[in-house]
Structure formats: C-alpha cells, structure tokens
Amino acid sequence: MTHKFLSNQGMASLVAKLIAAKTRVIAPVRAKDDPSQLDYQLIQSFDEAAFGVRLPRRSLKEFFLPPTEVLFHYRQTKTGVEIREVPTIAPPQVIFGATPCDVAALETVDKVMSWDYRDELWFGRRDATTIVTFLCSVMDSTCFCTAVGLGPESFTGSDVLLVPVAGGYLAHLVTERGEALLQSHGAEASEDTVARAETLCSEARSKVEPNLPVIPAEFAGWLASNFDNPVWKTVALRCHGCGACASVCPTCHCFDIVDEHESADEGVRRRNWDSCQTSQFTLHASGHNPRQSQSERFRQRIQHKFSIYPSRFGEILCTGCGRCSRSCPGGMDLPKLLGELVTLAQTEPEVSGQ
Amino acid sequence: MKELQDLARKLLSDGSVNVVIGYEAGPRGVRPAFITAPEQAPNLVFNIHCVQNLATYLNPRRKQITQLGKAAVVVKGCDARAVAGMLREKQIERGNVVIIAVRCGGVLQNPETDSELTKETASVRCASCTVREPKLFDHIVGELPPEPPVNTHRVEQITALERMSSAERWNFWTEQLSRCIRCHACREACPMCFCVKCTAEKTQPQWIDPSATPRANRAWQTMRVLHQAGRCVDCLECERACPEHIPLGLLARYVADAVERRFDFTASDDPSVAAPIGVYCTDDDEEFIR
Chain Z
63 MTHKFLSNQG
73 MASLVAKLIA
83 AKTRVIAPVR
93 AKDDPSQLDY
103 QLIQSFDEAA
113 FGVRLPRRSL
123 KEFFLPPTEV
133 LFHYRQTKTG
143 VEIREVPTIA
153 PPQVIFGATP
163 CDVAALETVD
173 KVMSWDYRDE
183 LWFGRRDATT
193 IVTFLCSVMD
203 STCFCTAVGL
213 GPESFTGSDV
223 LLVPVAGGYL
233 AHLVTERGEA
243 LLQSHGAEAS
253 EDTVARAETL
263 CSEARSKVEP
273 NLPVIPAEFA
283 GWLASNFDNP
293 VWKTVALRCH
303 GCGACASVCP
313 TCHCFDIVDE
323 HESADEGVRR
333 RNWDSCQTSQ
343 FTLHASGHNP
353 RQSQSERFRQ
363 RIQHKFSIYP
373 SRFGEILCTG
383 CGRCSRSCPG
393 GMDLPKLLGE
403 LVTLAQTEPE
413 VSGQ
Chain U
400 MKELQDLARK
410 LLSDGSVNVV
420 IGYEAGPRGV
430 RPAFITAPEQ
440 APNLVFNIHC
450 VQNLATYLNP
460 RRKQITQLGK
470 AAVVVKGCDA
480 RAVAGMLREK
490 QIERGNVVII
500 AVRCGGVLQN
510 PETDSELTKE
520 TASVRCASCT
530 VREPKLFDHI
540 VGELPPEPPV
550 NTHRVEQITA
560 LERMSSAERW
570 NFWTEQLSRC
580 IRCHACREAC
590 PMCFCVKCTA
600 EKTQPQWIDP
610 SATPRANRAW
620 QTMRVLHQAG
630 RCVDCLECER
640 ACPEHIPLGL
650 LARYVADAVE
660 RRFDFTASDD
670 PSVAAPIGVY
680 CTDDDEEFIR
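Line by line, the protein sequences give chains Z and U. Mapping the first sequence onto the working numbering, position 30 (from 1) lands on 92, and the numbers just tick up by one. Mapping the second sequence onto the working numbering, position 128 (from 1) lands on 527, and the numbers just tick up by one.
In short, the hints are calculated from the structure, not lab data. Keep in mind it's a predicted model, so treat the numbers as computed, not measured. Treat the hints with care, since some could be wrong.
[As the list claims (entries may be wrong)] Computed from the model, here is a short list of chain U residues facing chain Z with C-beta under 10 angstroms: (1) Val418; (2) Arg427; (3) Arg460; (4) Gln463; (5) Glu587; (6) Pro646.
[Stated by the list, open to error] Result set (SDA-like, lysine to any residue): computed pairs, CA atoms no more than 25 angstroms apart in a straight line: (7) Lys601(U) <-> Thr344(Z); (8) Lys84(Z) <-> Asn70(Z); (9) Lys94(Z) <-> His552(U); (10) Lys295(Z) <-> Val497(U); (11) Lys295(Z) <-> Gly468(U); (12) Lys462(U) <-> Lys84(Z); (13) Lys462(U) <-> Glu402(Z); (14) Lys295(Z) <-> Val496(U); (15) Lys269(Z) <-> Lys94(Z); (16) Lys295(Z) <-> Thr612(U); (17) Lys269(Z) <-> Glu402(Z); (18) Lys94(Z) <-> Arg568(U); (19) Lys596(U) <-> Thr465(U); (20) Lys462(U) <-> Pro352(Z); (21) Lys409(U) <-> Phe571(U); (22) Lys398(Z) <-> Phe433(U); (23) Lys173(Z) <-> Glu402(Z); (24) Lys398(Z) <-> Arg461(U); (25) Lys462(U) <-> His350(Z); (26) Lys79(Z) <-> Lys173(Z); (27) Lys295(Z) <-> Gln490(U); (28) Lys398(Z) <-> Pro437(U); (29) Lys409(U) <-> Val497(U); (30) Lys79(Z) <-> Glu238(Z); (31) Lys94(Z) <-> Arg578(U); (32) Lys94(Z) <-> Phe571(U); (33) Lys94(Z) <-> Gly468(U); (34) Lys462(U) <-> Gly329(Z); (35) Lys601(U) <-> Ala112(Z); (36) Lys295(Z) <-> Phe571(U); (37) Lys462(U) <-> Leu345(Z); (38) Lys94(Z) <-> Thr612(U); (39) Lys462(U) <-> Glu377(Z).
Glycine is no exception: its CB is placed at the ideal position from the N, C-alpha and C atoms.
When you get a sec, could you build the whole thing from the sequences and use the hints?
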C-alpha cells in the first residue's frame with residue numbers, strides 16, 4: 063500500500079473538483095434538528111462537512127440500501143402484465159470522512175448480497191462508490207471495534223484511509239480506485255509524517271480496547287449450542303422490540319418486499335427495511351409466530367450476528383460501532399451484554415438446555 | 400432511595416410481587432431494571448436521569464415480562480397517567496399491579512449527560528407538570544423535591560406552530576415526516592400503543608401503505624396521533640425511540656392541546672375519568688355522532 067501527503071487545501075480542492083464534475087459527494091454534516099449531532103449527507107461544498115466531531119447518528123447503509131426503494135413498476139394490460147425495470151447502474155459517488163466501522167460493514171454485507179443471487183441494486187451503488195475513510199477520533203465508551211477484529215485505523219472496505227496530521231492528512235491508498243482518486247492530488251509524505259500517523263493510529267486503538275476486552279467471535283460455538291440457555295429469558299426484559307437498533311446498525315440488512323398499487327391497474331414493487339426485532343417479522347400467514355416474545359426475538363439478533371452469519375460467511379455481523387446501544391430507548395447495551403455472555407460461555411462451557 | 404429499596408425488598412420478600420420494575424444505574428445514565436430477588440433491591444435508584452416511562456412494561460402482551468409473575472412498577476407522576484390509561488382501557492387489572500409512585504422534581508431532557516437540572520437541561524415535558532405527587536399509587540416514596548425549573552421550549556414550539564398558516568404547518572410536518580422510515584419504533588416504545596393488531600399492519604384491506612413514502616408516512620403518523628388524542632401521556636418515549644429524531648412528542652402535544660381546548664380534558668392519573676375518544680354521549684355537540 064502506498065501513501066501520500068494531502069494538505070487541507072488539497073483536500074478542499076479535490077472535493078470542489080468532484081462536486082464541479084457532478085459527482086455525488088457524501089460527508090458527515092451537522093444535523094439540522096440538532097447541531098450537536100452529525101448525519102452523513104450529500105454536500106454541495108466542502109465547508110458543509112464536519113470531520114472528527116462524533117460518530118454520525120446513522121450508518122452509511124442508507125446510501126447503498128435505502129429505507130425504501132422501487133424494484134420495478136408493473137401495469138396490468140388486457141393481455142398480461144407489463145414490467146418496467148429500474149436502472150441498476152448508480153451515479154458515481156464519493157464518501158468522505160466515513161468511520162472505519164461503517165465502511166467495514168459494507169464489505170461484510172457484500173457477502174450476503176452476493177450469496178444466493180447478486181443483488182444488482184446493492185452492487186450497482188457499491189461499484190459506483192469511492193470511499194475515503196478517516197482514522198477514527200470520535201470513539202466513546204460504547205464503541206468496541208477492536209473486539210470485533212477492526213479498529214479506528216482499519217481500512218477494510220476503504221479505497222483511501224486518511225490520517226490527520228499537521229497541515230493535512232497522510233493518505234493510505236488502499237485500492238486502485240483510491241490511487242485514481244488522488245492521482246493528481248497530494249505530494250510525497252515525509253518519514254516524519256508516516257511515523258506520526260502510525261503513532262496516532264496506535265493511540266486511537268488504545269482508546270477503544272478497554273471498552274470490551276473479550277473477543278465475541280470466540281463464542282460463536284457456545285451460542286450455537288446454547289439456543290435454549292435460560293439466559294435468553296432475562297437478557298432482553300428491557301428491550302421494547304422497537305428495532306431502532308436495526309435501523310441505525312451498519313450491518314443489519316433485512317428487508318421486506320411489498321406491492322403497492324398506484325392506480326387500479328398500476329403499481330410498484332418495493333423493498334423496505336425490516337427488523338427481526340418486530341413480532342411481524344416472523345408472523346406466519348396461519349397466525350402462528352415462532353418467535354413469540356421479545357426474548358426469542360432478541361436472541362435471534364445476537365445469534366444471527368455472532369453465530370449464524372459467521373458460520374455461513376466466516377465473519378461476524380457487527381463492526382462494533384455501538385449505535386444500537388446509543389439509540390436504544392430501553393437502555394440495552396451490547397458491549398456490556400457481550401461481556402456478560404462471553405463470561406458465561408467461559409464459566410459454563412457445557413451445552414445447556416438440551 | 401433507601402425507602403424505595405426497602406419497600407422493594409419487602410414486597411419481594413413477603414411475596415406481594417415477583418418482580419419490581421424500577422431503575423438501576425446503566426452505562427449511559429440509568430436503565431430499566433427488573434428486580435426479582437430481595438437481595439437485588441439495593442440496585443434500585445431514582446434520580447433526574449430516570450426519564451423512561453416504565454408503565455410501558457405493563458403491556459400484557461410483553462410475554463417475557465408477564466412470565467415473571469405479578470409486578471410492582473416504579474412510576475413518576477407523569478408515568479402514573481399511563482398506568483391510569485391502561486387501567487381505563489382495561490389492559491391491566493388494578494389488583495394485578497402494585498404501583499410505587501416516587502415524588503418527582505423533574506428529569507433531564509438528555510439523561511445521558513451529567514448536567515444538573517436547570518431551565519436549559521430539564522425535559523420539555525416537566526415544564527407543565529401537575530403530577531409531581533400522583534394520586535394513583537399503592538405506595539408513595541421520597542420527599543417532594545422543589546418544583547422543576549420551567550423551560551419554555553415546548554410552549555415556544557407550539558406557539559410557532561399555531562402562528563403558521565395551515566399551508567406552512569402542512570409543509571413543516573411534511574418535511575419532518577419525510578424522514579420517517581416506517582420502522583414503527585414510536586409505537587413499540589409507547590405505553591399507550593397496545594393494540595393487538597395495529598391498523599398499519601392490516602393488509603385486507605391495506606389501510607396504509609407500508610413503505611416510507613411521503614404519502615404513507617403522513618397517513619401513518621396522522622393515524623397514530625389521532626388514536627392518541629386525549630390518551631397520550633406526553634412521556635416522549637416515541638421521540639426517544641425514533642431513530643430519525645422526528646419531533647413526535649411535539650405532534651402529540653399539539654393534538655393534546657386541541658383535545659384540552661375542545662373537550663376540557665387532559666390525560667390524568669385518575670382511571671375513572673374516561674378519555675373523550677372512549678366515550679359516547681347522547682348529548683354530543685356533533686349531530687353526526689348522536
């Protein structure tokens with residue numbers, strides 16, 4: 063991996079050039095309803111971006127899998143049904159200032175999106191997107207990326223990783239796409255700059271590591287054999303089943319498909335975000351619901367993220383961003399709970415409830 | 400605090416209840432606690448961070464909680480109104496719940512901060528509080544603290560809305576509700592949303608499109624707030640749950656104010672007084688319903 067030094071001025075002119083070329087540029091900006099919070103949004107000028115303030119409220123997911131999107135239009139005719147497809151080629155976009163946890167999530171979700179069939183809408187947007195990640199400096203006590211194999215300096219999924227140094231950034235060019243983006247920008251980085259960036263990266267890691275000193279990936283086997291452990295009956299008492307966690311989660315990707323009529327003979331098929339935390343998610347047409355209470359629904363969330371997904375795709379479905387905990391109105395806390403479950407797995411490794 | 404802990408210990412020890420639903424210290428402020436053994440009673444706390452409306456957990460369809468057995472619930476005055484609402488609408492039986500009221504001097508708008516309770520930091524719902532010491536309880540604990548600092552945020556927002564022309568108000572809410580992703584977190588966290596089957600989930604016919612389009616969002620939130628008219632207890636759980644940070648509490652309050660003006664009714668902690676939406680009067684002002 064090569065690197066370059068990119069001055070603050072160079073960065074501003076790069077963004078200005080992209081916007082002038084009609085490339086969609088997405089960056090963290092101050093939320094209109096609460097300027098202390100950030101949202102990832104399309105920007106029209108570099109000044110709108112707010113880097114290094116805090117983790118945006120929602121992940122990058124909505125730029126690849128919108129909360130609702132049209133799959134196709136249909137029209138009933140005298141002879142049958144006419145289908146009008148939607149374009150799967152997305153306009154080019156560049157994301158600036160994403161956090162490593164949000165970016166890594168995209169690669170994790172790629173696996174399920176290309177598993178039984180290739181999701182053209184997802185990959186249309188993925189292929190059209192260049193991602194410039196920043197070394198994370200906005201971690202708080204809820205973050206636990208280092209426990210899930212990532213870190214504030216991870217470049218998984220990134221095209222460029224920027225580390226802020228005096229006067230600008232050290233740019234790690236991770237992919238060819240990243241090299242192309244910075245082809246006519248930046249200069250050679252001095253050894254001092256590279257060394258300074260390395261120090262910053264290891265300092266950032268040490269801020270997150272104490273938050274969750276266990277490795278959730280190591281208890282996937284325990285989870286698989288403890289589906290009926292009595293612990294599931296009590297861990298989710300305070301959970302409302304509102305699914306806010308899934309909405310803000312960078313890796314939750316479940317969707318529902320519905321047909322909506324727009325007139326007597328025309329309509330659209332859409333897909334909408336869905337969440338395993340709602341009772342509707344598993345409600346059968348017969349009226350039977352295999353997940354009767356929130357205990358079973360919350361167990362599903364943990365099992366899917368830390369056992370089922372890894373068994374199928376080789377990695378856990380969580381990047382440690384901590385948004386689920388921050389957004390939970392019931393005070394559920396994933397790093398705390400993972401700590402408790404890993405401890406339980408270590409003290410009671412036997413298969414229980416069988 | 401000790402009074403609350405001692406009471407919880409006693410209720411659990413003498414078998415009056417199987418679980419005390421209260422507050423305990425949490426990773427960010429406090430969090431709901433489900434105390435099932437007398438020795439856990441010292442975990443209970445009550446302070447200005449206790450914003451959550453624990454009455455929500457009395458919903459009889461929360462099977463993971465009903466399986467614990469008979470519950471006692473810690474309520475602030477505002478939360479007691481939700482318990483009253485559930486009694487009024489026959490969701491729970493008075494004899495099946497032990498109500499522990501705490502005298503309250505206000506809570507924080509943002510319970511995760513370490514702030515003192517000031518005009519700036521107090522919850523907008525505390526500004527109009529008339530139930531610091533509720534009448535609906537089996538036990539009441541704590542000394543009555545001083546009145547909460549009154550902030551005017553909510554009044555200012557309501558006044559601004561009232562000054563708008565109807566077109567401006569329509570645009571304001573259209574913009575706010577355009578952010579709705581139809582996750583229905585507002586409904587799940589609400590103590591007064593306890594329908595077995597929500598209209599939003601009825602598909603034969605499909606009353607409201609399930610997708611997050613401006614038309615469907617408006618239909619969903621309008622329906623929800625109208626079903627809450629005179630029933631909403633202004634606990635703001637909907638607003639806290641909303642991952643899109645839509646000011647749902649403001650919408651509900653706007654409607655609650657209209658109910659107060661029109662029907663001289665506000666949701667109280669007296670379960671014997673029926674809400675306007677739940678009564679039929681032969682002398683109703685409106686001819687169509689007589």
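Now for the hints, and whether the structure bears them out:
The beta carbon of Val418(U) is positioned within 10 angstroms of a beta carbon in chain Z (closest approach about 9 angstroms), and the interface hint is therefore held. The closest approach between the C-beta of Arg427(U) and any C-beta of chain Z is roughly 7 angstroms, which is under the 10 angstroms cut-off, so the hint is satisfied. Satisfaction of the interface hint for Arg460(U) is found here, the shortest Cβ-Cβ separation to chain Z being roughly 9 angstroms, below the 10 angstroms cut-off. The interface hint given for Gln463(U) holds, since its Cβ lies 4 angstroms from the closest Cβ of chain Z, which is under the 10 angstroms cut-off.
Checking Glu587(U) against chain Z: minimum C-beta separation of about 4 angstroms stays under 10 angstroms; hint holds. Checking Pro646(U) against chain Z by beta carbon gives a least distance of about 8 angstroms; that is within 10 angstroms, so the hint holds. Between Lys601(U) and Thr344(Z), the direct Cα distance comes to roughly 16 angstroms. Compliance with the 25 angstroms bound is thereby established for this hinted pair. Between Lys84(Z) and Asn70(Z) the CA atoms are separated by roughly 22 angstroms; this keeps the pair inside 25 angstroms, and the hint holds.
As the CA atoms of Lys94(Z) and His552(U) are separated by approximately 17 angstroms, the hinted pair is consistent with the 25 angstroms bound. At roughly 23 angstroms between alpha-carbon atoms, Lys295(Z) and Val497(U) fall within 25 angstroms of each other, so this suggested pair holds. Between the alpha carbons of Lys295(Z) and Gly468(U) the distance comes to roughly 13 angstroms, so the proposed pair stays at or under 25 angstroms and holds. At most 25 angstroms may separate the alpha-carbon atoms for a hinted pair to count; Lys462(U) and Lys84(Z) exceed this at roughly 53 angstroms.
Our distance criterion of 25 angstroms between C-alpha atoms is met by Lys462(U) and Glu402(Z), whose separation comes to about 23 angstroms. The straight-line distance between the Cα atoms of Lys295(Z) and Val496(U) is roughly 21 angstroms, inside the 25 angstroms bound, and the hint therefore holds. Between the alpha carbons of Lys269(Z) and Lys94(Z) the distance comes to roughly 30 angstroms, so the proposed pair goes past 25 angstroms and is violated. With a C-alpha separation of about 37 angstroms, the suggested pairing of Lys295(Z) with Thr612(U) is violated against the 25 angstroms cut-off.
Using a Cα cut-off of 25 angstroms, the hinted pair Lys269(Z) and Glu402(Z) holds, with the two alpha carbons roughly 21 angstroms apart. With a C-alpha separation of about 18 angstroms, the suggested pair Lys94(Z) and Arg568(U) falls inside the 25 angstroms cut-off, and the hint holds. Between Lys596(U) and Thr465(U) the CA atoms are separated by roughly 19 angstroms; this keeps the pair inside 25 angstroms, and the hint holds. Taking the CA atoms of Lys462(U) and Pro352(Z), the gap is about 14 angstroms. The hint holds against a cut of 25 angstroms.
A hinted pair counts as satisfied when its Cα atoms are at most 25 angstroms apart, and Lys409(U) with Phe571(U) does not qualify at roughly 51 angstroms. For a cut-off of 25 angstroms, the pair hint linking Lys398(Z) to Phe433(U) stands: about 17 angstroms separates their Cα positions. The straight-line distance between the Cα atoms of Lys173(Z) and Glu402(Z) is roughly 29 angstroms, outside the 25 angstroms bound, and the hint therefore fails. Of the pairs offered as hints, the one joining Lys398(Z) and Arg461(U) holds, with about 23 angstroms between alpha carbons and a cut-off of 25 angstroms not exceeded.
For a cut-off of 25 angstroms, the pair hint linking Lys462(U) to His350(Z) stands: about 15 angstroms separates their Cα positions. Under the criterion of a C-alpha separation no larger than 25 angstroms, the hint pairing Lys79(Z) with Lys173(Z) is inconsistent with the structure, at around 33 angstroms. Between Lys295(Z) and Gln490(U) the CA atoms are separated by roughly 23 angstroms; this keeps the pair inside 25 angstroms, and the hint holds. At roughly 24 angstroms between alpha-carbon atoms, Lys398(Z) and Pro437(U) fall within 25 angstroms of each other, so this suggested pair holds.
The straight-line distance between the Cα atoms of Lys409(U) and Val497(U) is roughly 13 angstroms, inside the 25 angstroms bound, and the hint therefore holds. In summary, the hint linking Lys79(Z) to Glu238(Z) is supported, as the alpha carbons are separated by about 19 angstroms, within the 25 angstroms threshold. Distance restraint check for Lys94(Z) and Arg578(U): the Cα-Cα separation of roughly 12 angstroms lies within the 25 angstroms cut-off, and the hinted pair is therefore satisfied. With a C-alpha separation of about 13 angstroms, the suggested pairing of Lys94(Z) with Phe571(U) holds against the 25 angstroms cut-off.
Restraint check: the Cα-Cα separation between Lys94(Z) and Gly468(U) comes to about 45 angstroms, which exceeds 25 angstroms; the hinted pair is violated. For the suggested pair Lys462(U) and Gly329(Z), the alpha carbons sit about 39 angstroms apart, so the restraint of at most 25 angstroms is broken. Restraint check: the Cα-Cα separation between Lys601(U) and Ala112(Z) comes to about 43 angstroms, which exceeds 25 angstroms; the hinted pair is violated. Between Lys295(Z) and Phe571(U) the alpha-carbon distance is near 43 angstroms, which puts this suggested pair outside the 25 angstroms criterion.
Only pairs whose Cα atoms come within 25 angstroms are accepted, and Lys462(U) paired with Leu345(Z) is accepted, the gap being roughly 16 angstroms. Taken as a hint, the Lys94(Z) and Thr612(U) pair is honoured in the structure, with Cα atoms around 21 angstroms apart against an allowance of 25 angstroms. Proximity of Lys462(U) to Glu377(Z) is assessed by CA-CA distance (about 33 angstroms); at most 25 angstroms being required, the pair is judged violated.
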